Amino acid sequence: MELCPSIKNILLLDSEGNRVAVKYYSDDWQTNSAKEAFERAVFTKTQKTNARTEAEITMFDNYIVVYKFVQDLHFFVTGGENENEIILATVLQGFFDAVGLLLRGNEDKKEALENLDLILLCLDEIVDGGVILETDANVIAGKVDSHSMDAGAPLSEQTITQALATAREHLTRSLLQ
Amino acid sequence: MAQPLVKKDDDRDDEADYSPFLGIEKGAVLQEARVFNDPQLDPRRCSQVITKLLYLLNQGETFTKVEATEVFFAVTKLFQSKDIGLRRMVYVMIKELSPSADEVIIVTSSLMKDMTSKTDMYRANAIRVLCRITDGTLLTQIERYLKQAIVDKNPVVASAALVSGIHLLQTNPEIVKRWSNEVQEAVQSRAALVQFHALALLHQIRQNDRLAVNKLVSSLTKGSVRSPLAQCLLIRYTSQVIRESANTQAGDRPFYDFLEGCLRHKAEMVIFEAARAITELNGVTTRELTPAITVLQLFLSSSKPVLRFAAVRTLNKVAMTHPMAVTNCNIDMESLISDQNRSIATLAITTLLKTGNESSVDRLMKQITNFMSDIADEFKIVVVEAIRSLCLKFPLKHRSLMNFLSNILREEGGFDYKKAIVDSIVILIRDIPEAKETGLLHLCEFIEDCEFTYLSTQILHFLGIEGPKTSDPSKYIRYIYNRVHLENATVRAAAVSTLAKFGAMVDTLKPRIFVLLRRCLFDNDDEVRDRATLYLNTLGGDGAVVQTGEDVKEFLFGSLDIPLVNLENSLKNYEPSEESFDIYSVPREVKTQPLAEKKAPGKKPTGLGAPPAGPPSTVDAYEKLLSSIPEFANFGKLFKSSAPVELTEAETEYAVNVVKHIFDGHVVFQYNCTNTIPEQLLENVTVIVDASEAEEFAEVASKPLRSLPYDSPGQTFVAFEKPEGIPAVGKFSNMLRFIVKEVDPSTGEAEDDGVEDEYQLEELEVVAADYILKVGVSNFRNAWESMGADCERIDEYGLGPRESLAEAVNAVIDLLGMQPCEGTEVVPNNSRSHTCLLSGVYIGNVKVLVRLQFGLDGPKDVAMKLAVRSEDEAVSDAIHEIVASG
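Line by line, the protein sequences are chains A and B. Count along the first sequence from 1, add 7, and you get the number used in my numbering. Count along the second sequence from 1, add 479, and you get the number used in my numbering.
No lab work stands behind these hints: they were computed from the structure. Quick caveat: nothing in here was measured; it's all calculated off a predicted structure. Backbone N, C-alpha and C define an ideal beta-carbon position, used for all residues, glycine too. Nothing false has been slipped in among the hints.
Quick look at which bits of chain B chain A covers, simulated, 3 or more residues with Cβ under 8 Å: (1) 707–717; (2) 751–763; (3) 786–797.
With the rest of the complex left out, here is chain B:
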């Protein structure tokens, strides 16, 4: 036993490099730090100890508060030594220890002495240390020295002061802003880096003053900036100015000549910065792009990987918006596919995929196939996504691209990579009809040998939707039924559902599917057996070739027309009791958030995942809030909450908006108030509502807001009773009433005495649209037909002169407050007529469908035919009423 142990030790001794810090231990080093207190200092030894302390910190060791304080005090003794090397270590050590405020005082005088020393190195470093550890109060004492240092003739000192200024601007802006004269002088410095630091600080001081930045840029772009780094800064500031002035200028872009001139600078970093700035200009033209592309192309064949990477990364971005501009670089780009640096190679390939034309696809694919085997998954995913876009661009090439995808699908790879491939194939199947059958077969082959349960179930689900619609659905059955034999329970259950879908959709296959489903009844997993039983019993027909009823299909495979988020919340709120859970009590409204939707970047292909979930609903938040208030607890179920309506102009003293909550027999107004005056505290805030123009409404309750401090929004509520189930409308005028108290801004305390005051708000209306929920239907024609013409009401209206057809369509949609279906809210340009389909739910849970036909009658006059179908005549009439009175 002993021998191998010894041998091991020997081995380690041989292998381990000698390190001066071998076996270093914190306690021992802290002991060693006592030499700092020796009356006769040994600078060399002290330096070594500090190095050891710094080594410990650098390795992630931490000092306790007590240890840090002890070390700090010991280190301050070292200011006695005149050894420059040791002093430098002392400076670094103090910065690392980041002493507390009361400790800082100990070193302040030593550092201030160094700051005024004749030795440049001392001045520069003392400034950096002091500014790092100081707080605002000390800063005013040393401000004078810092201002001097900024214009010091030693560049190191000047830079130290300027960089410290950049950091201090974050914490003490008002002090640093006083230095702008000195900083401005430093911008003219002959020392390159001083100029860079001065420019950075000057811009930060002035960044909120657009005119000043403008002036700075125009004066500097004319002169000569020496430092390449400063020139890069100037390019960034220039592009900022260009961006901000873009709307006001017409014709030639200001400062473009400057950027273009920088492309001929001698420093590569400046050339690149300028080229990148040009490619990122808003609405850049091909003429403006060309010189930038030319220099980037030169970089592509540089011997330096960094230049190649920078260039190809920029060109890759350009290719997204201006693919044609990049095609000139294609030859250089193709040679980069074999680049040693795989990041460069991947960027080159994806750029080529974006810029390539139809004829080059096959050649490109050949090159990529070799490349794919030796890159990491993360790069492969990028390539797969690029190939997907390419295929959507050139659908005719789907055969070779789909083949490529299926080949790489069979190779080794992690989950994310495989998912990216499967997603891509699914998207191609959806968008390119010719690719459907081959794509499905590729997927079938993949699940034969797929180790990821998630992907298998998703593919099985997808097969269930697409498979029955193909020319020969029977050929997929074998693949699906194999899963029932060979997979885990989750996949087996998914396969059973898919089989049932084939049985329901393809009547000729039904008897054979039944045989297979019956075999599944003996599965050893509950879920699999349950599903098989359910399908066997509901599909009906005892396996004969008969048509499956629509209602059965709807029941088994129909989509859930309730937003999942709402269902989840209702289920969470449901408390087990005698009464069973009522699925119809789940709110159906999907809160639309037009702003957020607009921001979302275009339509993103979602692949296998379910269709994008509706925007998160705030209905539940409202419901929770209202039911927590006892006065409103017995109003029943919340039917609808409107979007907030502003009752004040922007930037007034008090900002108020209102949300209308509609109940069956009540309406609650929720006033969201914000106090924008720091010197005021509002108490007992209520809204006095005058309902004289809303005859059917009677005020029943009001809930004041006890206190409304500055900038923290609060709510006050007013509730009205109205005739039950009737869409009563009316106008309400509002007055904010409150007690205002002065607040001392320095202490934040309010005075005891307040004054009662009022503030006029704008009027608020309850309109018919408040009683209609926006609920979409997936297939309008089906819904329309099944609703029947029993309660149909048709009439024609003249809408008078309108700005455009689109404007008229939007006005009617807003008026009715219903959900546009199948994208019919968009009016094509220059069309003379348009049909718009709307759907919704009227109060009392009545489904309403509306078909609007618009036509231009004369140059501007718009005429409209309105057809309404609903489950209730009265509701159909009510819709006409809304339009007629609107």
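The following block holds chain A by itself, in its conformation from the complex:
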């Protein structure tokens, strides 16, 4: 198992270090207070840095943390100390860009909370139990933002808008490929 790149956690905090959405994939933090302590430590260590143009990186407590900020949102991805830093940065970039796409460029805390369902689905599509599922932001966002009817549902049940949404999804899919 240890040979496979693995993600310890993905954090999305606000500009005061509070949780917007977090997902832990490792048993290193058993309790909620341990998790909060880690988040606080990461936040205080990174808050003064400028991680707005390029992803930044730091190392502490034998973890590697890569991070990037936009407005009042702070994105973090944590890996073990022997992890390939660039793989972690790729996951971070995928998460960051996917959230940007899903919030249609209005990346701030308010928008993120209003679309929390999308953010949670986004986390669910990036990493599964520590294993990287997908790193391409367009694919991640595409998988999350597919509000359409079940293809198996009879057409008569679909409204015009839903039909349009389905059509649009098919179109974007074919464009992405």
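Please build the complex by placing chain B on the supplied structure of chain A, with the hints as guidance.
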């Protein structure tokens, strides 16, 4: 009063961001979850409620068992809706709730329906959910679908099945292993991530089969792997194969070309993974390193902090083993000192300190001084340690490096940082004689203004040892005596001891020290007064310039020749009674653990702390164990316990080793037995010992082991009487006897009837070395001289042809079972002669010292001169006897 309160509220309203979850409360949300039961579902509203539930969980809220069950059942109703968005939320919710086994059954059919749905999104997610919550029994039912999913033409579905396989392999390996044909097919997939997941799973399935991994790597390194992540995996597997085949291959390293080729890959993560893999190869050559260093050097000037960090961190590691290979990057590295990211800057500096040459030291120090002020303590400690190693490497530069250390010592900093600096100065003082006097003065200045009691006392202690040996000890007195005025009681007491040490060691200073010590008699702290009184009375001479007696020095400042762990244990065991505590009853033996010592990474400088404590002693554990057995309770004090001697070959049915416990008039053999057969239970286990070749021994007691289940070690004991105080030797043959019962492996229960059986063990010997304790002395020459030649016995022996001088030395050390002193057990290569010093304590508490002089006589023959000094002639003779008969 009211107004400010209102105002405060206003303020908060203005400042607080609007949040859709403002004032959210668990009870209310759980109520809202009732909409899941509506006959006419509103997907949008249901999604919102699930989001609220997930928000609560995400904020650290927990649901009680009842609440979780209720929510779970309500959520399962939502499978009726055909809304994809809602279904996605349902999947996430089920995973978060991690339902129990009987709840899982409720959703199984819905999930299995989704798993075979035509909608890709349903199939992929249903697989992930089902595999997350399922147990082994359900897995066999859905196995068929999972195998199909692995080769599904939709990459999302295939990935979902493969990743689930990776997780399931931990819990149900035998099932997942059956999928390897499908997984192998998926490795050839055109979709990048499917390939990555398939490769990860395939390797995990085969990881215990070295040949299969070898084959996998050699076939894939030839072909083209599309996904950068899969390529990284392949690089990791390749380096594993290289590591494992390193011993068998000579000449060109296999697969090196593949790694080198990856340095030209288009993805940065692959380039870096390959470069890192090359730098970590065992015994990597400069030629192999060069291309990897070149790409890392390019990364150093990247605009991306992550790349710079990755590169400098790797180069930093390389610099430890191959400093020369990294010097090419020094210019790039120097520009990183001003990097915005302080982690990168610190790594750059410490790398430079490792690779720098003597001429660049001064320039480097100038750059670092500016840098130190704006980094955190944790980084500063790293830098301090790097400077210490640099100074040890270039002792000529000690002046500027020591100056640097003393400057930063004066600046603000926490305890750990200050301790790191002080430790470094102490190590430099010890190892570089020229740096001693300046270093001591820096420390003196530091304690003038030191807020840490621990550091002050440690420095005072160190001054007491080193100060008197300097050219002008008197100049330190002022600093020390100032402490007596200005500090807390702990530091004052330490200062008094230090003063006394100066008085004892430097006779000319004695009268003046006495004046100072007398003033300390009026201190308001007991400990300080007690110490001053003790020193004034024992140093003697009433303050005149006279020499202090050796015995007084030994009494006051001599080292305690008893391991502290042993003393601590004896004191804990001592029960207050008429009889006072006898310090000589404390066992002196330090259990040597050669294996553990070998593992310890090199010699680590320990700085101020006491010399490294001896390895933890198992003597006490044995002592406790034996004294708890009534049969052996009256044998008296345990003299020595041997290291375990194996009586069986490795990997036999029963593993037995024996520990010999030597008492004054008895010997106890402790047989440690392990049953390695799961289908057997052994009962009434004893060892039948035949002592016919050990005439002086007579069996007195035996303690059988009642039951020995599979894989849980147990002990049985046999005790012998022997002539008191005499080092009797002999050979014992052993037979394990027991009643064996069959155990049903499925239930773990043993049958009622057993069969008596025996098992032959190897022979065991009690040898003379068992009667000698390994006890070292710190100064062999002193000990040798003070022992005197009264009971000296000298003789010469021919040891016959030997493989090497070192082999002969080790053989004699093993034979005598004594402690080599002053590192004399190491024989330099190609030397023709060698002197080895040994020390020990013979049974009856007799100190023994041995001087062995070896010489090569002809090409292979080794001759040895053995000189023994002890407190008893008979013992000296006995040592010769051991060698003569060995």
